[in-house]
Structure formats: C-alpha cells, structure tokens
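> Residue-level listing of the chains:
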Amino acid sequence: MLLTVEKEVQNVITILKVKGLIDITTTNIIDPYLEEIDGMETVILDFSGLEFIDSTGIGSIMNAIYLSNEKNFTLKLQGIDEMTHTVFEMVGLYEILEAFHGEVI
Amino acid sequence: MYKDGMTGIHHNNTGESADMDKTLKREINMARNIQSQLLNGKPPVFEGGEVLGSSVPARLIGGDYFDFYPLLNGKIRIVIGDVMGKGIPAAMLMILTRGAFRSAAETTSSPADTLTSMNQALYSDLRTLKSFVTLLCADWDPSTFTLTYANAGHNLPLYIKGKESIVEEMPKVKGIMVGGLPDQVYTNYTIQLHEKDAIFFYTDGIVEAQNNEKEQYKLDRLIQTLIENKQKCVGEIEQSVMESIEKFTEGAPQRDDITMVLLKISDQQAEITSLNSPLIK
Numbered sequence: 001m002l003l004t005v006e007k008e009v010q011n012v013i014t015i016l017k018v019k020g021l022i023d024i025t026t027t028n029i030i031d032p033y034l035e036e037i038d039g040m041e042t043v044i045l046d047f048s049g050l051e052f053i054d055s056t057g058i059g060s061i062m063n064a065i066y067l068s069n070e071k072n073f074t075l076k077l078q079g080i081d082e083m084t085h086t087v088f089e090m091v092g093l094y095e096i097l098e099a100f101h102g103e104v105i
Numbered sequence: 001m002y003k004d005g006m007t008g009i010h011h012n013n014t015g016e017s018a019d020m021d022k023t024l025k026r027e028i029n030m031a032r033n034i035q036s037q038l039l040n041g042k043p044p045v046f047e048g049g050e051v052l053g054s055s056v057p058a059r060l061i062g063g064d065y066f067d068f069y070p071l072l073n074g075k076i077r078i079v080i081g082d083v084m085g086k087g088i089p090a091a092m093l094m095i096l097t098r099g100a101f102r103s104a105a106e107t108t109s110s111p112a113d114t115l116t117s118m119n120q121a122l123y124s125d126l127r128t129l130k131s132f133v134t135l136l137c138a139d140w141d142p143s144t145f146t147l148t149y150a151n152a153g154h155n156l157p158l159y160i161k162g163k164e165s166i167v168e169e170m171p172k173v174k175g176i177m178v179g180g181l182p183d184q185v186y187t188n189y190t191i192q193l194h195e196k197d198a199i200f201f202y203t204d205g206i207v208e209a210q211n212n213e214k215e216q217y218k219l220d221r222l223i224q225t226l227i228e229n230k231q232k233c234v235g236e237i238e239q240s241v242m243e244s245i246e247k248f249t250e251g252a253p254q255r256d257d258i259t260m261v262l263l264k265i266s267d268q269q270a271e272i273t274s275l276n277s278p279l280i281k
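Order-wise, the sequence lines are chains R and G.
Number 105 marks the last residue of the first sequence (full-length UniProt numbering); no jumps.
Number 281 marks the last residue of the second sequence (full-length UniProt numbering); no jumps.
Just chain G, with the same shape it has in the complex (with noise of 0.2 Å):
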C-alpha cells in the first residue's frame, strides 16, 4: 500500500498502480509527440539558401528549443534555445519559451528586442521556478546575405567558410540568460555571409555528449566534422554530424538533448549556370 502524493488516495492495490503506470506512459507518450510536432513543423522555404533544425532529446522528452518565424520584410527569424534541466520539467518551460518567442517575434524589430521581450515575459515565472533558458537568436536577410544576431548566454554559433576550409565561432556577443536578471537589454551584431557559408547554431548536449571512456565529443572534433562535410546541403550535414556523435559515443547512454540548426547559403554561380543549361530530353 502507498500513499499517492498527488492526490492523497491511498492505494492498496498492484492493479490500480500498474493502470496508473500504463496513464502515465501514454500521456508522456502524448507529450513526446505534442512536443515533436511542434519542433518539426516545416522549415521556412527561402531564395538563395536553405535552412533546417533538429532535436534530439536525452529522454523521452527535452528541453532543447529551436524554431523559424518568417517576417513580413522578407527575413527568418530563427531561434535556438536550451532549458535549465531534463525531461518534463524542461519541455513544460520549453512550450513556454516556444509561446514568449512566437509572440516576441511578431512585435519586435531585430533578436536583440526579441530576447528583451523574451526576458521581460518570462522573468518572473523562471525565477519563481528557479529556472532559466539560454537562448541565442537571429535575422536572416536573403536580400543582403547579413545575418544579425544577438545572445542570451548561448554557445556561439559557428561559421561555416564556404570558400575556405575555416570553421570559427561567430564573433562574442554578451548578454546573460533569460531568467537571469529583470531588465535586461540585449544587443544586436551583424555579419555579411558569402555564397556557399553556412551557420551552425547548436546546444551543448553536442560539444559535452560523452563516450563509454567519459571523454567529451568537444569543439574541435564538431569543427572538423563540419569541414569535412562543408559541401553537403544542410540535411546531410546535419545526419553527418549526427553520425559522427554516434559513432564517437559507441552507444552510450546520451546524457543531454541534442539540438542544431543549420543555414546555408547556396551556390548562386551554379544556380545561374544550371538554369541557363539547356533542357536534355
């Protein structure tokens, strides 16, 4: 017999506990595909470029966030994000990071104002729940090739040379995590992309997924991942770097979810010179 200390009902019975077992299951199991549904809506489809995430949680459900919202100048705004924690409590704070990012996105000018409004409309709930997300978001304008970012105390993206075999973080913009401190301002840095560069934006669960041996996947080996793989389109690239952890962590158990994003820029030389190929019949 065991006292349930959600609702007060004592239970004397194995029948009860295992029907409880079997509702608890198929609701996590309803919560997994809620939260994957919501995480794997169709990219937003663009000229010039390409651009597509992916989320792998350590459990059954995750913490990672990352999401697209086109804007009516012609830009996407993309975000990515990570929850303090695992698990449901972490996707509980995630559907609500998904909902301040949805509603800042709509109101604000650039990611700077989306992570002060971010942090504005959730600062209260995440110190209460002793909580935070970090959060690191950005503008791309396939008009101008920039892409203007700003960061809430998330791993730097990295920049992917498309001419060069150069991976480097993009340059340092501070600003501290969302839930952190009330007031927070936040500011923008704008970069000019190339033909071919890509962005990687990606969680730590990444850079700190662990082998059998407790050694790290780390920085370095996700650079070199990512030269050697440079010339794929962003699909492949995202399943060689998947790949690639897997095969460094020889099955073991993954500690973090596992979230990236990937821009990238296409070819314009080849796009023009196989549109003016003639048609082979």
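Chain R on its own, in the form it takes in the complex (with noise of 0.2 Å):
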C-alpha cells in the first residue's frame, strides 16, 4: 500500500497518522478520512510517516483547511520533516492555515 492511514480518536480530538506518500494515485484513501470527521473540536495530522507529497496532496491538506472551517473544528499539523517543510512554506500553506485558525505543533 503506497499510503496508509491511522484513525484514532480521544473525545473531541482526532487524530490521522499518515504513512507512505500523499500524491494523486493517493489522494481518494486520505480524502473521505477528513470527509467523514464531524463533531470534532481538534483534528491532528500527523505526518511522521510522510514520505512524499505532491500538489495533488496539498490540495488535500487545503481541503482539511476549509472543511476546519465548515464543520468548525481546529486542524493542526504535526511531524512535518524539513522537505515537507520547505514545500509547505513556499506554497504558502502555513498562511492558509493560519488563516483557518489552524496551526503547525
């Protein structure tokens, strides 16, 4: 499997481990994770098992961002590694994010 994805939940926090790479052959096993969240207060993606990703991905990560927004949850970013880090910043993902009253833990 070229993407794996760990739900665990904890009252009003969830939280998606994702292992393997975020791309466009990917995208429809991490999408209808953050579809299904509702009822939520906090959900953390955990990217400590990123491998890869691509634009296809962040448009991913983007979706997450507005649907924070619509089912008002908070949405935070954890376990990002330096690559990730330096496509997240030039993309600008961390401004969308911050305007979605996200943030990167």
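It is possible that part of the hints are untrue.
[To be verified] Result set (EDC-like, lysine to aspartate or glutamate): computed pairs, CA atoms no more than 20 Å apart in a straight line:
hint, chain 1, residue 1, chain 2, residue 2
1, G, Lys174, R, Glu98
2, G, Lys172, R, Glu82
3, G, Lys214, R, Glu82
4, G, Lys172, R, Glu89
5, G, Lys214, R, Glu51
6, G, Lys130, R, Glu95
7, G, Lys174, R, Glu82
8, R, Lys19, R, Glu41
9, G, Lys130, R, Glu51
10, G, Lys130, R, Glu70
Simulated from the structure, these hints should not be mistaken for laboratory data.
These two chains come separately, so use the hints to put the complex back together.
Written out as structure tokens, the structure reads:
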C-alpha cells in the first residue's frame, strides 16, 4: 500500500497518522477520512510517516483546512520533516492554515 | 453491458465501447495539440539576449504552464506555473490560467500586479474546484538589464552567473499560491543582471524526477548541469538539462510535468567585436 492512514479518536480529538505517499494516486485514500469528520473540536494530521507529498496531496491538506472552517474544528499539523516544511512554506500553506485558525504543533 | 456515467445511456455491445474509446483518444490527442500549440508559440525576440521555454507533460497533456508577453514599454513579461494535479483536469485549469495571465499582463504594470489580478480573477473558480496554481512572474527589461519578479508559491528561479561558476536561487520573495486565499497582494523584487548571466525558471517536475531506485534528481544535480553548460545558448542548455534528467531516470516513468524557461543575456563585448570584424570573402 502506497499510503495508509491510522485513525485514533480521543473524545473530541481525532488524530490521523499518515504513512507513505500523498500524491495523485493516493489522495482518494486520505480524503474520505477528512470528509467523514464530524463533531470534533480538534483534528491532528500527523505526518511523521510521510515520505512524499505532491501538489494533489497539498490540495488534500488545503481541503482539510477548508473543512475545518465548515465543520468548526481546529486543524493541527504535526511531524513535518524539513523537506515537507520547505514545500509547505514555498506554496504558502502555513498562511492559509493560519487564516483558518489552524496551527503547526 | 455497462452504464455510461456521463450520459446515462446503456451500451450493450463492445463495438460502441470501442467507438467511444476511439473518439476519446482522438479528442485527447486534439486537446494535446491545442495545448502544445498554445505553449510552443514563437518566443519573443529582443536585442541583447534570448529567451526560450519548453514543457514535457507526464501524461498526454499536462498542467504546467509558461508564457511570454512583450509589453509596449519594451519589457518582456515571463510567467511559469504549475496547476495542482495532472492530466486532463490540470490541463483545463492551465488554459484558464493562461487566459487570466494574458488578460492581466495587458492591464497591469508589474509582475506583482499581474499575480494580484490573476488571484482576483481565478480565486473563486479554483476554490470551487478545490485546486490551486503556483506561479512566478517576471519582467525582463533589456534597456536596464534588470529582472523584476513576484512569486505566488512557486520554486524560486536559479540565477546562473555568467562570469563565475555559480548557480544560486534568486532572492526569496514571499507570496502564496493563486487560489489559496482571496485578496492577496503580491510584492516585486528587482535584481540587476550582467552580460552572459542567465535565469533558469522551472517546475518541480525537474527536481522531483525519479529513477528506478526511487531517488530524486534534486536541485544539486540541476545546478551542476547548469554550471557545466552555462556557456551554451538557451536551446542547448535546455537540451542538456533534458538529457541529464533522462540519463538519471534511466527510462523510469515520468511522474510529473517538466517545464523550464531560460533567459540569457548576450555577451555584448563579443557582439561588438563580431560587428567590427572585417568581412571575409
């Protein structure tokens, strides 16, 4: 499997741990996890196991940010390595996250 | 028997299915030709330098974009961009981006204003379609040798210094992707170029090209290739980069669109010398 998502729910917090690649071939695996979130106060996306993300993958993270606004939860990103950080910073993902009251932990 | 999701028509023989495949293939090839012709128009000709762009889609058609727009004041506006995703959906948004650039370039006075205007025009559609595009826009002024640029979440171009063996990223200019947030105001940054200098604009498909061992081409290899070939003309530099990527990937499937734009300033001294040389008959 190119991407696996491990879901952990603790009361009103959902943690999604991604492992592998988030690209055009795998966003259909992570997107349903994001779409089905309901009644949560916080969603943590854990990228500790992320090996590569492409522009379609960044589109999925942006969708998660917009969903946080629609479904009223705080999105937190964690476990971002240097390479992914460089990409997120370059495209301006952190500014969008901040604009929708999310944060990097 | 299957149900065609697009039309709701039920097909019950393979002949119709084969016809549909054929039609689809023909239309994709026509779309490829349209995109290729729009991308590969004649690059502008100007005194004191040369410019060239090329794009190789990973699939039949792609989402990368570059364009040149000669301005009335003698400057050349250059843009390079990467639409989220690949294939037909990305290609459709690439055409939308091209329209927005051509219209903005006509009416705006700087690269930053062009990006601001493009974000204004495209934000709503891109948000609806859950997509975005990274863009870098630059004005080359042949009369002052200055390059003014603004960035909307794209890779920084590489500055190839003509008189030294140095290739480095151009100074960072912040700006988020087009389609990310509404009402973005982008900023300009200007650098002074010199004779024989060149600028290499590119999309991430180059540095993220993978070989069969899943290793990436990376920025270091690109910089080394540019240093080794910097004395060549833009067409030859472009060819050298493509050959270097092909050699590295050893036939592994191309994962992402590959696009580059090269701007090179002439060796003015050499041009004057050649103009003054006596004609040999």
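> Now tell me, hint by hint, if it's right for this structure.
Each hint tested on the structure:
1. G/Lys174 / R/Glu98: At roughly 15 Å apart (the allowed maximum being 20 Å), glutamate 98 of chain R and lysine 174 of chain G satisfy the hint.
2. G/Lys172 / R/Glu82: 17 Å, holds
3. G/Lys214 / R/Glu82: Given that 20 Å is the threshold and the Cα spacing comes to 19 Å, the pair holds.
4. G/Lys172 / R/Glu89: OK: lysine 172 of chain G and glutamate 89 of chain R at ~11 Å, within 20 Å.
5. G/Lys214 / R/Glu51: Holds, at roughly 11 Å.
6. G/Lys130 / R/Glu95: 17 Å, holds
7. G/Lys174 / R/Glu82: Roughly 18 Å separates the two Cα atoms, so the pair holds.
8. R/Lys19 / R/Glu41: 24 Å, violated
9. G/Lys130 / R/Glu51: Violated: lysine 130 of chain G and glutamate 51 of chain R sit about 23 Å apart, past 20 Å.
10. G/Lys130 / R/Glu70: Holds, at about 14 Å.
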